[in-house]
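For reference, the chains in residue letters:
There are 2 protein chains.
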Amino acid sequence: MTWHRLGLIAGGGGLPKAIAKACSQDERLGCVIALQGFADPADFPGATVRTIAQFGHAISDLREAGCDAVCLAGVVKRPDFSALKPDWAGVKLLPRVLSAATRGDDALLRTIVGAFEEAGFTVVGAQELTGGLLAVEGPVGRLALSEADREDALKALEIAAATGSLDIGQGAVVCGGLVLAVEAQEGTDEMLARVATLPPNIRGQAGARRGVLAKRPKPTQELRVDLPVIGVSTVIGAAQAGLAGIAVIEGGALIINPDDVARAADEAGLFVVVLPRDEVETP
Amino acid sequence: MTWHRLGLIAGGGGLPKAIAKACSQDERLGCVIALQGFADPADFPGATVRTIAQFGHAISDLREAGCDAVCLAGVVKRPDFSALKPDWAGVKLLPRVLSAATRGDDALLRTIVGAFEEAGFTVVGAQELTGGLLAVEGPVGRLALSEADREDALKALEIAAATGSLDIGQGAVVCGGLVLAVEAQEGTDEMLARVATLPPNIRGQAGARRGVLAKRPKPTQELRVDLPVIGVSTVIGAAQAGLAGIAVIEGGALIINPDDVARAADEAGLFVVVLPRDEVETP
Chain G
1 MTWHRLGLIA GGGGLPKAIA KACSQDERLG CVIALQGFAD PADFPGATVR TIAQFGHAIS
61 DLREAGCDAV CLAGVVKRPD FSALKPDWAG VKLLPRVLSA ATRGDDALLR TIVGAFEEAG
121 FTVVGAQELT GGLLAVEGPV GRLALSEADR EDALKALEIA AATGSLDIGQ GAVVCGGLVL
181 AVEAQEGTDE MLARVATLPP NIRGQAGARR GVLAKRPKPT QELRVDLPVI GVSTVIGAAQ
241 AGLAGIAVIE GGALIINPDD VARAADEAGL FVVVLPRDEV ETP
Chain S
1 MTWHRLGLIA GGGGLPKAIA KACSQDERLG CVIALQGFAD PADFPGATVR TIAQFGHAIS
61 DLREAGCDAV CLAGVVKRPD FSALKPDWAG VKLLPRVLSA ATRGDDALLR TIVGAFEEAG
121 FTVVGAQELT GGLLAVEGPV GRLALSEADR EDALKALEIA AATGSLDIGQ GAVVCGGLVL
181 AVEAQEGTDE MLARVATLPP NIRGQAGARR GVLAKRPKPT QELRVDLPVI GVSTVIGAAQ
241 AGLAGIAVIE GGALIINPDD VARAADEAGL FVVVLPRDEV ETP
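Protein chains in written order, with UniProt numbering: chain G, 1 to 283; chain S, 1 to 283.
Among these hints, one or two may not hold up.
Copies of the same chain look alike in the list, so a pair counts if it works inside one copy or between any two.
[To be verified] With a straight-line cut-off of 25 Å between C-alpha atoms, the simulated SDA-like cross-links for lysine to any residue are:
#1 K77 <-> R210
#2 K77 <-> R110
#3 K21 <-> L94
#4 K92 <-> E27
#5 K21 <-> V91
#6 K85 <-> P219
#7 K21 <-> D259
#8 K21 <-> G207
#9 K21 <-> G90
It is worth saying that the hints were derived from the structure and are not from the lab. Being a predicted model, the structure only gives us computed values, none of them experimental.
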């Protein structure tokens, strides 16, 4: 759908900053709403700070700035719903949010996306605004993957598809065919830290790297929010876990600061690879 | 199949000890082979100590003791296969073991079970020897589960079935409908420790316990080895993770030292419940 002016609702991490940067010359960016406790307002000069429970205020902010579209980007952890202090529109939304929250992250995000759409806004994916961050086929750094790596990558992508279809998470680590770890609420960084503590004989290590982290969208997921993200911290975590590399699917992940990611991967001796869709069997 | 004399191949943890105790008055127990690095030989007076790579020696031990059956019980971690010093029979077995090891734990165990069967032994499940440990329907301690707990228990069992069918693991934790964690190579204790570090708002805590650990066999698993095990340490881990309880399926788990498990659950204010098969929807 065509839209004319965008509001960015910013959570934590590098993605909202990358979007604000990509839109900095763009007169279509009408306002930024920095979510309290997640986004650092210092990163977004002129932003309005709102809590995640101030849905009505956010809608007013967007309308006052003349926005007809909104982009939800960045990390937002599940709140303590009982401690929220919602505004009036937030109160009305809360029962639906609470019900969806028990089904999984994708269900929760769909409800929030739906609420913005019902309020008349077009919801725009980060990838529409920062085309340069969307994963395109090929290696991101200098290293490519070996045949053994490719098998691990395809199996990890298959596992991530299966767990994603249950709305569990987007990531998995496979080494030598063995599923070392599956991501749920702990997140990717924590999963990688766990792999680093597994017995050395079932994983790789610096100098003899083995195993692949794969991330992919959940098969049914709302792709305008919560696309898997790969950043420098992901590369560092994968390196510490002894992995040979990281695999995502074309169009199925955002690479934040791709030059930095490539440099970090090259320095650590890891590959970061974007596989073509048709190479990835979806179970 | 009928058998007359049994050899117990003991790994770590409480299960082999419970079996040896249950068979202590039993003239059918011909010998115990304590696996070096896993079983403590002091727990098994008169046992022969062998490494997991001494397959040929183990077969000879069993035959010399007049055994026609074998029970594989207890925790054995995946070894560093390249560091093994197999005997001649072990060398012949190793390629099949290595190939299976890349597919998952169940595949690996099937190969080992198959090797004992090919050598002419009947492989007997722990549950045949210690009927009293096999989970039977009902609560193990004093506490029963609420309706909300039951929903979490059924969802956790469903998730464990799905991940089990991919040979990932046997356990999952669900709280308020949300999948908090899925078990892979880290094991149950480590998964519970991770849940204890998740944000307090998505899990329970002492005094306001929420969420359920479920364990079940993988749908296609070889049930004579590696049945899920619940022991006192599982209860303690679940308590520290703020969970309301633990759920397994009738006939689908072994409860080690059930009186101690019940006491630990009562003291911590957790339920441990064995659900009837027909109540658990298998996806």
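Worksheet item: Between copies, within a copy, both or neither: which fits K85 and P219 at Cα up to 25 Å?
Response: For K85 and P219, neither the intra-copy (34 Å) nor the inter-copy (45 Å) Cα distance is at most 25 Å.
Practice prompt. Could you place K21 and D259 in one of the four classes (within, between, both, neither) given a Cα distance threshold of 25 Å?
Written response: Cα proximity of K21 and D259: one copy only (15 Å, versus 62 Å across).
Worksheet item: When no copy is specified for K21 and V91, does a C-alpha distance of 25 Å or less occur within a copy, between copies, both, or neither?
Response: neither (33 Å within a copy, 60 Å between copies)
Worksheet item: Under a CA distance limit of 25 Å, which applies to K92 and E27: within one copy, between copies, both, or neither?
Response: For K92 and E27, neither the intra-copy (33 Å) nor the inter-copy (71 Å) Cα distance is at most 25 Å.
Item to complete: Could you place K21 and L94 in one of the four classes (within, between, both, neither) given a Cα distance threshold of 25 Å?
Response: neither (32 Å within a copy, 56 Å between copies)
Item to complete: If the cutoff is 25 Å on CA atoms, where do K21 and G207 land: within, between, both or neither? Let me know, please.
Response: Neither. Shortest intra-copy (37 Å) and inter-copy (47 Å) distances fail the 25 Å Cα cut-off.
Worksheet item: When no copy is named, should K77 and R110 be tagged within, between, both, or neither for a Cα gap of at most 25 Å?
Response: within (15 Å within a copy, 41 Å between copies)
Worksheet entry | Alpha-carbon proximity between K21 and G90, which holds within one copy, between copies, both or neither at 25 Å | neither (30 Å within a copy, 61 Å between copies)
Discussion item. Regarding K77 and R210, is the shortest C-alpha distance of 25 Å or less found within a copy, between copies, in both, or in neither?
Written reply: between (31 Å within a copy, 19 Å between copies)
The structure fails hints 3, 4, 5, 6, 8, 9 (numbered hints given earlier, in ascending order).
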